[in-house]
Amino acid sequence: MLATRYIVSCLLFFLLNSFAGLAQKAPINFHHLTVKEGLNDGNINGLCQDKYGYMWFASLGGLNRFDGVTAQKFTHIPGDSTSMKNAVPYALASGHDNRLWIGYTDGLVEFNIITKKCKPVKELEGRNIYEIRRAANNKLYMVTNKGPACYNPMKGSLEQLFVTGDRNTDSILYKNYSNNIFIQENKIWFGSMNGVIEYDINSKKAHFITLPFLKGFANRVILDQLGFFWISNFKDYKLLRVSKDGQQIESFDHLLTSATDKRLSIALDIREDQQGRLWIITGLKGLIEYNIHTKQATFHKHNQEIRSSISSDILRTMHLNKDGTLWVTSNAGIDYFHPDKNLFNVIYPFGDERESKYARGVTEDHNGNFWFTTGNGISQYNPQTGVYKTWRNEAGKNNVIHFNSVRGIVEGNDHKIWIATGAGVNRLDPVSGKMEFLTEKDSIPASFYFSANKLSDGTIWFGTRDYDGFYFYSPTDKKIHSITSHPVMKEFARKGGRYVFEDSKKRLWFGFNGNGVGMYDPATNKARQWRNNMKDNPATGIAGNLIVDIKEDKKGVIWISSFGGITGIDLSNNHYYNFSDRNGLKSNLGGPIAIDAVNRLWIGTAAGLTMIDSSRKFFNNFGEESGLPIIDFPEHPAIYVSNGDIMMPSVRGYVRFDPLQYKEATPVVNYFISSFNLYDKVYMLDDDRKNMNLGATENFFSINLVALNYENPSHTWFAYLLEGFDKDWHYTQDPKAVYTNVPGGNYTFRYKATANVNNWNVPEKKIAIKIATVFYKTAWFWSLIGLLIIALLYWFYRNRIRQQQQVYLLQSKAQALEKEKALVMYESLKQQLNPHFLFNSLTSLGSLINTNPKVAGEFLDSLSKTYRYILKSRDSELVALADEIKFAESYIKLQRTRFEKGLDVNINIDEEYHHRKIVPVTLQNMIENAIKHNIIDEESPLLIDIYTSEECLVVTNNLQKKKFVETSNKQGLVNLQSLYRYLSGRPVVIQEDDKFFTIKIPLL
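Numbering (this note's numbering), first residue to last: 509 to 1512.
Misleading hints may appear alongside valid ones.
[What the hints assert, rightly or not] Within a straight-line C-alpha distance of at most 27 angstroms, the following computed DSS-like cross-link-like pairs (lysine-lysine) qualify:
| id | residue 1 | residue 2 |
| --- | --- | --- |
| 1 | K949 | K924 |
| 2 | K1425 | K1470 |
| 3 | K987 | K962 |
| 4 | K1425 | K1409 |
| 5 | K849 | K897 |
| 6 | K1189 | K1278 |
| 7 | K962 | K559 |
| 8 | K630 | K712 |
| 9 | K713 | K559 |
[Said to hold, decoys possible] What follows is a set of in silico ranges between Cβ atoms, one per label pair, in the way DEER data are often shown:
| id | residue 1 | residue 2 | range |
| --- | --- | --- | --- |
| 10 | F1472 | V1315 | 45 to 51 angstroms |
| 11 | E863 | K624 | 33 to 39 angstroms |
| 12 | Y1316 | I1357 | 34 to 40 angstroms |
| 13 | N907 | K987 | 22 to 28 angstroms |
| 14 | V1315 | E1385 | 20 to 26 angstroms |
| 15 | K1440 | D1501 | 52 to 58 angstroms |
| 16 | L1193 | E631 | 26 to 32 angstroms |
| 17 | T1248 | K695 | 53 to 59 angstroms |
| 18 | D985 | S1222 | 40 to 46 angstroms |
| 19 | G1365 | F1472 | 33 to 39 angstroms |
| 20 | E1408 | Q1314 | 56 to 62 angstroms |
| 21 | D1501 | V1315 | 20 to 26 angstroms |
| 22 | K1440 | G1365 | 23 to 29 angstroms |
Keep in mind that the hints were calculated from the coordinates and are not lab data. Idealized CB from N, CA, C, for every residue including glycine.
All chains, full assembly: derive it from the sequences and hints.
Following this line, the structure appears as structure tokens:
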């Protein structure tokens, strides 16, 4: 009975898959992870995903963490008991918190993903841990060498799996050897010998489902959406589907064979995704995809020519994420993929990938058939039946086309296929099979043709590098004409024709083979040409002169690809766009161009595919990491398929995709601060952490961000802002934010990530950062410094004032002393003069008494007045000038009595100066000084003039100096100068020349 079911299932499988194979589905894009990306080694025993979304792999040499870009490894460190064990981990599971659980042959180890520290679980020491699974209650259920086990991480203790006294459950669990574990909601199934153990987590009850046909262990057990067990067995039957009651049994061993290799392969692991697809990894036949609803199977095997294929057919383990991403390990490392996120498909020109794959032209006829052109003939492909039909010249046979090298192909309004080859143009009637060879007699030369393009009215244009460059077939007269026959467009002749495009305004655009692009507007009957003149006029230049493709976007902008990049010409606004490898493209060698329904621009280049958003500001590049099987697009135009798909020729087939499947809606991207770097220290942060406190000297730091975008990490963008320090957001694909010399204070680091650079409407995360301020930058410190400076300034000011007061006091004292000294010396001088004057006066008086008593009486009266004035003014510092004049007149009278006509003194002072002040006996001293130093003779009298000038009292006398002056001490005038220096701001001026001696005394 089982054998019959086996045969029937095989027949059904092959029948269903023979029809399913006719439709080419987009191949899976397998991403590869090896030691090149940072794995410690490529031998993976266990996989899991933590609560943040990081992937963890237990390899032979340690533990590895992967964030979608790089892998970080954790290995044993001699002498560090908290590092990884120096042993091989065989099982791995993620806890609900920040812990992983690693199974070894001698126990269970707890690994903290934040601190990166290990701690052995004492309760399970010595046990060989085969497999670990976490249930919804966050408890760990394990398969060990001592039977099933349950560990409660919250309590840190083992829990009994059965109710005390329940011998039946105890016997089922521990007398039947368990091989593997499968958990679904509150049920657990353990694969066992000749059957399956079903265990209820809530009731702690177990019962055994006997499968007598199994003849060995149920090495892998899962329960699918339809309620059937899928069991992998390593003996007679390798893969079975069994009903829960064990009555319905179906063999699927045929999935483990192939047409070329009938050997049964081992199904090492089985997973089911949400779409009801089983994913089965084998030891020899690669990865098998089986849809339990459609009963269709797809085989994914290694293809060394396709980098995005699975790395190896020898697989080991598997893990399925909640988002549907599958992780498969092999002898070559790890492959991961999402089966529903494959945008691109490849169609080969001749069906068999071993044939020529270099694609050139393509067109779709009215029946939905594709016509492909290559360097080795053309083919017709029916996507409904998968049937190819080929036209190719072969040696020894009549030619079926002009030349095997073909570029252009198009269907006419009459449904005939026009074929532009490297040696002429053919026309094929697909119904009759008749192939026409058009020649010069048909008005079209045998030449190398680049293209065949149809206009809206059915006119077909041919572009050739030779002759007139462009020829067109008119459906009206059913004849072929040269472009030279047109009175305006003839200026585009003989410039080499590569492509013709008709825009929405019926304007014709001509792509030249090295001469830029031309445009003819039938509405104005005028033509215009553009060349690559970016150096001379970048505002109106195009990127290159050798044109490949021309298309129009939804706003009427004409896009032109060339060997120098792509150009957009917006004639309505007289605006030009130019893109190359210098500003967004992967390569400046532009190839096929297409615009999708939402006005995004898709460009195939020599280094991959680029999508420019509708704003023409943001670029998304697609390469092998994005599932693009081929990244090299040559110089051949793209076409729009009738269902909205885009098809582009490449060096290995035609890349077909639905551009609207690429959604620009923001995908769910988990992002975190992975680490905080301070100089040579690295701090791992929990995502729940909301603040970070730094010291005053820790103001140079970097923050490492990570976004878990496994599908396409190259499309991940980050934005961050240190609020309080940065002025604007930083938008970058570099996940490292570096800050230097940040002042002390309170900041908020805001950050976010997206997989769509056009949409930043994503949740934002924050972490508060407090940086202590160094004491010399704190407010209290500067307040203290300010107070200290004020105190110092005040002390300096007070000290300065005190010093100045002391100086002023000393100066005053010095001035007083000097004045006192001058006065003393002046008084001394007066005292010196008085005895001489008295002696001389008495001598004169004595002579007069004997000779002229009357005059003697007058003389005595004048002498008496003189001494009376001296006595009266001796205590006065200053006297009025009028008093000094009166005194001087008495003194002069005495001297005239003595010298008679030998002395002539004239006083001529205006009364307006009489109130001014002068030092007492100044005039006496001046007159006495003149008498003392000059010869007095009646024949040559001494003339003394006393007058005022320039606010000064001036005393001048004629010079008739004595040769020797007995009583002179040279101090009289010096002391007088010193005295007046303290009494007036003006000095006593002494002038002497050959004739006169003058003294100017300032009036006070």
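Right, here's what the structure says about each hint:
For the hint pairing K949 with K924, the CA-to-CA distance comes to about 20 angstroms; that is within 27 angstroms, so the pair holds. Between K1425 and K1470 the CA atoms are separated by roughly 32 angstroms; this puts the pair beyond 27 angstroms, and the hint is violated. Proposed proximity of K987 and K962 is supported: the alpha carbons are some 15 angstroms apart, at most 27 angstroms. A hinted pair counts as satisfied when its Cα atoms are at most 27 angstroms apart, and K1425 with K1409 does not qualify at roughly 31 angstroms.
Restraint check for K849 and K897: the C-alpha separation of about 32 angstroms exceeds 27 angstroms, so the hint is violated. For the hint linking K1189 to K1278, the alpha-carbon distance of about 18 angstroms falls within 27 angstroms, and the restraint holds. Between the alpha carbons of K962 and K559 the distance comes to roughly 57 angstroms, so the proposed pair goes past 27 angstroms and is violated. Taken as a hint, the K630 and K712 pair is honoured in the structure, with Cα atoms around 24 angstroms apart against an allowance of 27 angstroms.
A distance of roughly 30 angstroms separates the Cα atoms of K713 and K559; the hinted pair therefore is violated under the 27 angstroms criterion. Evaluation of the 45 to 51 angstroms hint for F1472 and V1315 yields a pass: the beta carbon distance comes to about 46 angstroms. Between E863 and K624 the beta carbons are some 53 angstroms apart, a value that contradicts the proposed interval 33 to 39 angstroms. Distance hint for Y1316 and I1357: a CB-CB separation of about 58 angstroms, inconsistent with the stated range 34 to 40 angstroms.
About 25 angstroms separates the C-beta atoms of N907 and K987, a value consistent with the hinted range of 22 to 28 angstroms. At about 25 angstroms, the CB distance of V1315 to E1385 agrees with the hint of 20 to 26 angstroms. Under the hint 52 to 58 angstroms, the C-beta atoms of K1440 and D1501, about 20 angstroms apart, miss the expected range. In this structure the hint that L1193 and E631 lie 26 to 32 angstroms apart at CB holds, the actual value being about 31 angstroms.
In this structure the hint that T1248 and K695 lie 53 to 59 angstroms apart at CB holds, the actual value being about 57 angstroms. Checked against the given bound of 40 to 46 angstroms, the beta carbons of D985 and S1222, roughly 54 angstroms apart, lie outside it. Distance hint check: the CB atoms of G1365 and F1472 are about 36 angstroms apart, consistent with the given range 33 to 39 angstroms. At about 59 angstroms, the beta-carbon gap between E1408 and Q1314 stays in the expected band of 56 to 62 angstroms.
For D1501 and V1315, the hinted distance range of 20 to 26 angstroms is not satisfied, since their beta carbons lie about 41 angstroms from each other. Evaluation of the 23 to 29 angstroms hint for K1440 and G1365 yields a pass: the beta carbon distance comes to about 28 angstroms.
Hints 2, 4, 5, 7, 9, 11, 12, 15, 18 and 21 from the earlier list are contradicted by this structure; the remaining hints agree with it.
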